[in-house]
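There are 2 protein chains.
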Amino acid sequence: MENIRIGYIGLGGRGQGLLSSVVLAQNERVTAVCDVYEDRAEAGARLVEEAGQARPHVYTEYRDVIADPEVNVIIIATAWEYHAEIAVAAMRAGKAVAMEVGGSYTLEQCYELVKVYEETKTPFMFLENCCFGRREMMVLNMVEQGVLGEVVHCSGGYQHDLRDEISFGRENRHYRLRNYLSHNCDNYPTHDLGPIAKILKINRGNRMMTLSSTASRAAGLHAYILENKPEDEFLKSRQFAQGDVVTTVIKCADGSTIVLTLDTTLPRYYSRGFTVRGTKGMYEEATDSVFLDCAAHKAHDFDWRRTCSGNAAEYEEEYDHPLWKQFLIDGVQGGHDGMDWLEFQQFFKALREDAPMPVDVYDAASWMAVTALSEMSVARGGAVVDVPDFTGGKWHREILG
Amino acid sequence: MENIRIGYIGLGGRGQGLLSSVVLAQNERVTAVCDVYEDRAEAGARLVEEAGQARPHVYTEYRDVIADPEVNVIIIATAWEYHAEIAVAAMRAGKAVAMEVGGSYTLEQCYELVKVYEETKTPFMFLENCCFGRREMMVLNMVEQGVLGEVVHCSGGYQHDLRDEISFGRENRHYRLRNYLSHNCDNYPTHDLGPIAKILKINRGNRMMTLSSTASRAAGLHAYILENKPEDEFLKSRQFAQGDVVTTVIKCADGSTIVLTLDTTLPRYYSRGFTVRGTKGMYEEATDSVFLDCAAHKAHDFDWRRTCSGNAAEYEEEYDHPLWKQFLIDGVQGGHDGMDWLEFQQFFKALREDAPMPVDVYDAASWMAVTALSEMSVARGGAVVDVPDFTGGKWHREILG
Chain A
1 MENIRIGYIG LGGRGQGLLS SVVLAQNERV TAVCDVYEDR AEAGARLVEE AGQARPHVYT
61 EYRDVIADPE VNVIIIATAW EYHAEIAVAA MRAGKAVAME VGGSYTLEQC YELVKVYEET
121 KTPFMFLENC CFGRREMMVL NMVEQGVLGE VVHCSGGYQH DLRDEISFGR ENRHYRLRNY
181 LSHNCDNYPT HDLGPIAKIL KINRGNRMMT LSSTASRAAG LHAYILENKP EDEFLKSRQF
241 AQGDVVTTVI KCADGSTIVL TLDTTLPRYY SRGFTVRGTK GMYEEATDSV FLDCAAHKAH
301 DFDWRRTCSG NAAEYEEEYD HPLWKQFLID GVQGGHDGMD WLEFQQFFKA LREDAPMPVD
361 VYDAASWMAV TALSEMSVAR GGAVVDVPDF TGGKWHREIL G
Chain B
1001 MENIRIGYIG LGGRGQGLLS SVVLAQNERV TAVCDVYEDR AEAGARLVEE AGQARPHVYT
1061 EYRDVIADPE VNVIIIATAW EYHAEIAVAA MRAGKAVAME VGGSYTLEQC YELVKVYEET
1121 KTPFMFLENC CFGRREMMVL NMVEQGVLGE VVHCSGGYQH DLRDEISFGR ENRHYRLRNY
1181 LSHNCDNYPT HDLGPIAKIL KINRGNRMMT LSSTASRAAG LHAYILENKP EDEFLKSRQF
1241 AQGDVVTTVI KCADGSTIVL TLDTTLPRYY SRGFTVRGTK GMYEEATDSV FLDCAAHKAH
1301 DFDWRRTCSG NAAEYEEEYD HPLWKQFLID GVQGGHDGMD WLEFQQFFKA LREDAPMPVD
1361 VYDAASWMAV TALSEMSVAR GGAVVDVPDF TGGKWHREIL G
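Taken in order, these protein sequences are the chains called A and B.
Going by this note's numbering, the first residue of the first sequence is number 1, and it counts up by one from there.
Going by this note's numbering, the first residue of the second sequence is number 1001, and it counts up by one from there.
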């Protein structure tokens, strides 16, 4: 594709941030902006003008952006519930799509994404920025080089105290509030699952077979609101549907297991809890450490905390992913420690070169489906549910290498 | 009870260690020792003599120790599979019991322990030393003082690289090998579950309702044996039943959740992964840190890793458990950072004072049952199974305080 002209949909906090610090900073041309709230759409237009580009068309209805003949790429950063719907409409109109993350509350949306992509072959990228994290890519590289041996178990979480954002969701027009009042599931599985799925070759020689989710009771938000928003009679009297901690256990076709944790309504420090366990070694984000099956680590008086906690940086020189090595030379830019920058760089590169997207529609469908599946499982007391195969039985096409 | 005279059964590595460094070091009288292997029984007898006591009776059959009229207390440190059977026989003979930890492969054994205890009221203590760990007791104390708010989720694990012990199990006559060849479950749940159960008031106002376990494939031991024991044709050709990582999710009557991890056949550092999550704060063993819901921790530029990782020691002065405060004054002794010492001190104290045991038969039955339940659940692909109520419906007798 030449002559990229972006229609940018969704200009809340994340949308505005990505637009200015990544999309416009990478000198990509934005010819239309859209948000259901006029003031947000207008704020997006100003960001485009401030970047020295012509004033974009301003819309409040996403169908109008997709219909805009000037636009040939749609970037979606709206509330979760509209991602798939907008992406499907864009692909049907032949417009390339980059879609922000979030889960899907129905399996049908996930099937639809795949079906429309397969029918139209419109370029589609899922914006899972954590797949581009430095540590995530370093560990992926170590796994691909066999340093950790056979990988048999991974875990991760979206562990982020969002009590303030959620409690003030009406004032901030944030979609999380309505979702936490209504749903009980792992509503945001892809930051943790994405990098793990890449390591376990999900949809590329392996697949997720079954899933079980269990939610703790919901106590965190109520306690927070009593203390921090005592004047909000509406929220004070509400029972939140969303449990504080949701644990999801996934079993894969190759027998490996994945444990995901959604943990957003209790006090804690931010962590994605990324952990990879192989027959020769492990990486663990909580301690940012690499543990290898070597003599030093096996010694009986080996003091892990003193010797190795935080040692992952020592492996960067040898194992940083080639993409990151180049990124460090070029200079790391953009939000979230550079992940956003690298992600969009790879998206626009693939678009211009007509190359496969690094995070594709099968990734999107299978990762987003975890939300719908976990809701079913939680509602049934942790019952095991089947994970659909969105590749239509073709996930093992790469199993022979 | 006055005039304690111990019959000590099971003199493998753990048995001999506890006998010399704790039981004899506390000047308790041991009048009989027993092991199915004569050389081990003899080694136990020597330890008793070396401690300056008269030569004990030496047995190879546990029924003989129990029948020994001189013995009035039985300590059980045998292979897992014999714990409950010996304890039941001892209680029926009216001899007080201290029983080492391990899981139970059948629910019947757990029911039997409770039934025989209730019939005989023979003093029974479950030797879960981790309930006496300094951090575990400090966090229990913090919870009881309300520092962490309402506790809604806990996790823990028995995360201990035992590949060497298991692979050389025939040479070392160690029971783990036969169990890893035959069973697939959380075979050792009590080190992690015990301290959590105390915090969540299991059997004392709360109970475990349902459980789901999922096992990863078994790859760690095979890879280890190929590399470290290539001459063992028997083990090289075996498929181990035991998955490398078993994740167990438990839902409690009060809606709180517990996640347990058995993780003993892949390279890693030792950790029990003890984590407690409340509405006002958390403790996490991986980083040995306390995170409270205070202004400093909430600041947006707060750097957790730099500021708080490892900060739990700062809370010791205020929150160390009273038992530990005294222990530190008296001088910490015995194995496992003093846990073993404190545990036996409390056992003998309760025995002499005819007081309730700090870890009782209901604790033992419900914690050990996790092994049998997890085996059922793993075999059924992670299906949810019901956790029996070993209190006979009386767990809520303490719910009104």
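Honestly, I wouldn't trust all of these hints.
Stated by the list, open to error - One side only, chain B facing chain A, incomplete, derived with CB under 8 Å:
no.: 1; residue: 1036
no.: 2; residue: 1037
no.: 3; residue: 1039
no.: 4; residue: 1147
no.: 5; residue: 1210
no.: 6; residue: 1247
no.: 7; residue: 1306
Since the hints were derived computationally from the structure, they do not count as laboratory data.
Values in this document were obtained by computation on a predicted structure and should not be read as measured data.
For glycine and all other residues, C-beta sits at the position ideal for the given N, C-alpha and C.
Tell me, which hint numbers fail for this structure? 1, 2, 3, 4, 7
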